[in-house]
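Novice: Whenever a hint applies, use it, and build me the whole structure from the sequences.
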Amino acid sequence: MDFDSFVEGPLLWVVFFIVLIGVIARVVFFLYAIIKSGTDRDFRWGYSLATFGRSFVPFHNAVTKRPLYAILRYIFHACLIIVPVWLAGHVALWEESRFGWAWTALPDAWADWMTLLLLALAAYFFFRRIMVKDIRLASSTSDFLLIGITALPFMTGYFLTHGSLDSLPFLGDNMWTIHVLSGEAMLLVVVSLFCRTRLSLAKCTGCAACELSCPTGTLESNDEGKLRIFTYSHYQCICCGECVNTCPEEAAELRHEIGLGGFFQIVPKLEIRSVQLKACDKCGAPFAPEPQLDKIGQTLTGDYLRFCPRCKKLDFAQTFYQLSPWTKKLKTANNHP
Amino acid sequence: MEPMGKVLMINYEKCTGCRLCELVCSVMHEGVSNPSRSRIKVVKWESEGLYVPISCQQCQDAPCVNVCPVKALSRDETLDFVEVDYDVCIGCRACVSACPFGAMSFDVIAKKVIKCDLCDGDPQCVRFCEIEAVEYVDADRVSVFKKRDAAQRLSAAQKEAAALQAQL
Numbered sequence: 015m016d017f018d019s020f021v022e023g024p025l026l027w028v029v030f031f032i033v034l035i036g037v038i039a040r041v042v043f044f045l046y047a048i049i050k051s052g053t054d055r056d057f058r059w060g061y062s063l064a065t066f067g068r069s070f071v072p073f074h075n076a077v078t079k080r081p082l083y084a085i086l087r088y089i090f091h092a093c094l095i096i097v098p099v100w101l102a103g104h105v106a107l108w109e110e111s112r113f114g115w116a117w118t119a120l121p122d123a124w125a126d127w128m129t130l131l132l133l134a135l136a137a138y139f140f141f142r143r144i145m146v147k148d149i150r151l152a153s154s155t156s157d158f159l160l161i162g163i164t165a166l167p168f169m170t171g172y173f174l175t176h177g178s179l180d181s182l183p184f185l186g187d188n189m190w191t192i193h194v195l196s197g198e199a200m201l202l203v204v205v206s207l208f209c210r211t212r213l214s215l216a217k218c219t220g221c222a223a224c225e226l227s228c229p230t231g232t233l234e235s236n237d238e239g240k241l242r243i244f245t246y247s248h249y250q251c252i253c254c255g256e257c258v259n260t261c262p263e264e265a266a267e268l269r270h271e272i273g274l275g276g277f278f279q280i281v282p283k284l285e286i287r288s289v290q291l292k293a294c295d296k297c298g299a300p301f302a303p304e305p306q307l308d309k310i311g312q313t314l315t316g317d318y319l320r321f322c323p324r325c326k327k328l329d330f331a332q333t334f335y336q337l338s339p340w341t342k343k344l345k346t347a348n349n350h351p
Numbered sequence: 018m019e020p021m022g023k024v025l026m027i028n029y030e031k032c033t034g035c036r037l038c039e040l041v042c043s044v045m046h047e048g049v050s051n052p053s054r055s056r057i058k059v060v061k062w063e064s065e066g067l068y069v070p071i072s073c074q075q076c077q078d079a080p081c082v083n084v085c086p087v088k089a090l091s092r093d094e095t096l097d098f099v100e101v102d103y104d105v106c107i108g109c110r111a112c113v114s115a116c117p118f119g120a121m122s123f124d125v126i127a128k129k130v131i132k133c134d135l136c137d138g139d140p141q142c143v144r145f146c147e148i149e150a151v152e153y154v155d156a157d158r159v160s161v162f163k164k165r166d167a168a169q170r171l172s173a174a175q176k177e178a179a180a181l182q183a184q185l
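These protein sequence lines are chains F and S, in that order.
Terminal number for the first sequence in the numbering used here: 351, no gaps in between.
Terminal number for the second sequence in the numbering used here: 185, no gaps in between.
It cannot be assumed that every hint is accurate.
A partial selection of chain S residues facing chain F, derived with a Cβ cut-off under 10 Å [what the hints assert, rightly or not]:
{"no.": "1", "residue": "ILE27"}
{"no.": "2", "residue": "LYS58"}
{"no.": "3", "residue": "VAL59"}
{"no.": "4", "residue": "TRP62"}
{"no.": "5", "residue": "CYS109"}
So these bits of chain F aren't anywhere near chain S, every CB distance computed over 10 Å [stated by the list, open to error]:
{"no.": "6", "residue": "VAL42"}
{"no.": "7", "residue": "VAL204"}
{"no.": "8", "residue": "LYS240"}
For lysine-lysine, the following DSSO-like pairs were computed, each having C-alpha atoms within a straight-line distance of at most 30 Å [stated by the list, open to error]:
{"no.": "9", "chain 1": "F", "residue 1": "LYS327", "chain 2": "S", "residue 2": "LYS129"}
{"no.": "10", "chain 1": "F", "residue 1": "LYS296", "chain 2": "S", "residue 2": "LYS128"}
{"no.": "11", "chain 1": "S", "residue 1": "LYS132", "chain 2": "S", "residue 2": "LYS176"}
{"no.": "12", "chain 1": "S", "residue 1": "LYS61", "chain 2": "F", "residue 2": "LYS217"}
{"no.": "13", "chain 1": "S", "residue 1": "LYS31", "chain 2": "F", "residue 2": "LYS296"}
{"no.": "14", "chain 1": "S", "residue 1": "LYS31", "chain 2": "F", "residue 2": "LYS283"}
{"no.": "15", "chain 1": "S", "residue 1": "LYS132", "chain 2": "F", "residue 2": "LYS296"}
If you're looking for bench data, these hints aren't it; they were derived computationally from the structure.
This structure is a prediction, so every number in the text was calculated from the model and none was measured.
Note that beta-carbon positions come from the ideal geometry of N, C-alpha and C, so glycine has one too.
Specialist: Below, the structure written as structure tokens:
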């Protein structure tokens, strides 16, 4: 068996099998993590399911801050699912297969335009990620890779149906294999793809408002000594976008993450950020994250910002203490020994 | 018509440190008797017998209002106090760090910031304080009370001086 027929034969079935198993495993892991986390806190099933469903509808929490970008993203993802499933060529292949499944196919012209739209959007996302400085700094290699992997099957599929590159020596002969192979790669990536909350190092002040807004307890912060540590669990996250919506600094964002590490990390939590806590100048107890105090320092100036709330209270009471008859008596006693 | 511009006047010299105000405050707001969740706190110097109840000062240009990133804090017009809008509040605790008096605190059980809200015009700490160390009076009356206090002290000192002079 040569490589071409292996790619479009057994390998394709293996990939489909892995995807099927992977999706089932993910649903099971998700339910397990949700139920497990629900036992020790007041977990609201109705609310969680509602937010989970809402993330399929445009203009939910996570996207209201950038509506135009959100629309483009929804168009992109709609094309991403509709074109491969309802493409006439793919439907024909399923009908020829041993299952003999068949469903109504999308008109070829529609599929063409949707593919072009998707490629255009992919190019836009790619260049946006390169051109805009804030986004470039926050991106990792996998973010660029993901756009490439997603666009490749569509690009090769488009060339395949139109035969525009058939004249080229290598690509003309092997376009079919590249198309199938890239499609398989994309399916494998989809199985290990997560939507994960990121806290921008430059913007996050460590206030932990995101923790309070998280309905499933996915994002948690714990003050350990002089550090506030944020932890995150992949399978508890329902991608509701509450953290993105809540963050006053626009530091939280939900982004794709490829990784088998997250796939098998069912219950343990991943440390995603640690923030230094300011220690009170008087009693030494850590009381507030340093970046947040720096930010408050931009609006307010005052020595009291260096003290914890308890010491501030004591300080204020101290002024009354100094006025009290007891201290006055002490003073007069010292003056006339 | 609601009373305008009334404030909590704290007379620390009267306070006995019984902390009943802390209890009624937490019962009123949280439904439990837990002083750590109270909006008013009594700072104590036991050996001196000095007790200073501390609560929100309802500052005019309040630091907490200025630092709030989501504008959840505002001045209530009818009762003239700084109010937290819990529908808007995200719980970032910037106000807790910003308050110069430490009067704003974070309730770790209810997971929200807490501050004195004057109990909608009927402060329970005032209602239960038998010795009237905490009083709810018109803002312009506070200075009158202080003047009266000072005048009393002055006349007492004069009487004392006259008595001393008569002895000589």
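Novice: Each hint should be assessed against the structure and marked as holding or not.
Specialist: Comparing the hints with the structure gives:
1. Contact between ILE27/S and chain F, as hinted, is supported at the beta carbon level, the nearest pair being about 9 Å apart and thus within 10 Å.
2. The interface hint given for LYS58/S is met, as the beta carbon of that residue sits about 6 Å from the closest beta carbon of chain F, less than 10 Å.
3. Taking 10 Å as the C-beta cut-off, the interface hint given for VAL59/S holds, the closest approach to chain F being about 9 Å.
4. This hint holds: TRP62/S has a C-beta 6 Å from the nearest C-beta of chain F, less than the 10 Å allowed.
5. With its C-beta approaching chain F no nearer than about 4 Å, CYS109/S sits inside the 10 Å limit, and its interface hint holds.
6. With a closest Cβ-Cβ approach of about 31 Å to chain S, VAL42/F is found to remain outside the 10 Å limit, as its non-interface label requires.
7. Listed as outside the interface, VAL204/F is consistent with that label: its C-beta sits roughly 33 Å from the nearest C-beta of chain S, beyond the 10 Å cut-off.
8. The claim that LYS240/F lies off the interface holds: its Cβ sits roughly 16 Å from the closest Cβ of chain S, which is beyond the 10 Å cut-off.
9. With a C-alpha separation of about 19 Å, the suggested pair LYS327/F and LYS129/S falls inside the 30 Å cut-off, and the hint holds.
10. With a C-alpha separation of about 26 Å, the suggested pairing of LYS296/F with LYS128/S holds against the 30 Å cut-off.
11. A threshold of 30 Å between alpha carbons decides the hint, and for LYS132/S with LYS176/S the separation of about 44 Å lies outside it, so the pair is violated.
12. Taking the CA atoms of LYS61/S and LYS217/F, the gap is about 40 Å. The hint is violated against a cut of 30 Å.
13. With a C-alpha separation of about 29 Å, the suggested pair LYS31/S and LYS296/F falls inside the 30 Å cut-off, and the hint holds.
14. Among the hinted pairs, LYS31/S with LYS283/F is inconsistent with the structure: their alpha-carbon atoms are about 53 Å apart, more than 30 Å.
15. With a CA separation close to 24 Å, the supplied pair LYS132/S and LYS296/F stays within the 30 Å bound.
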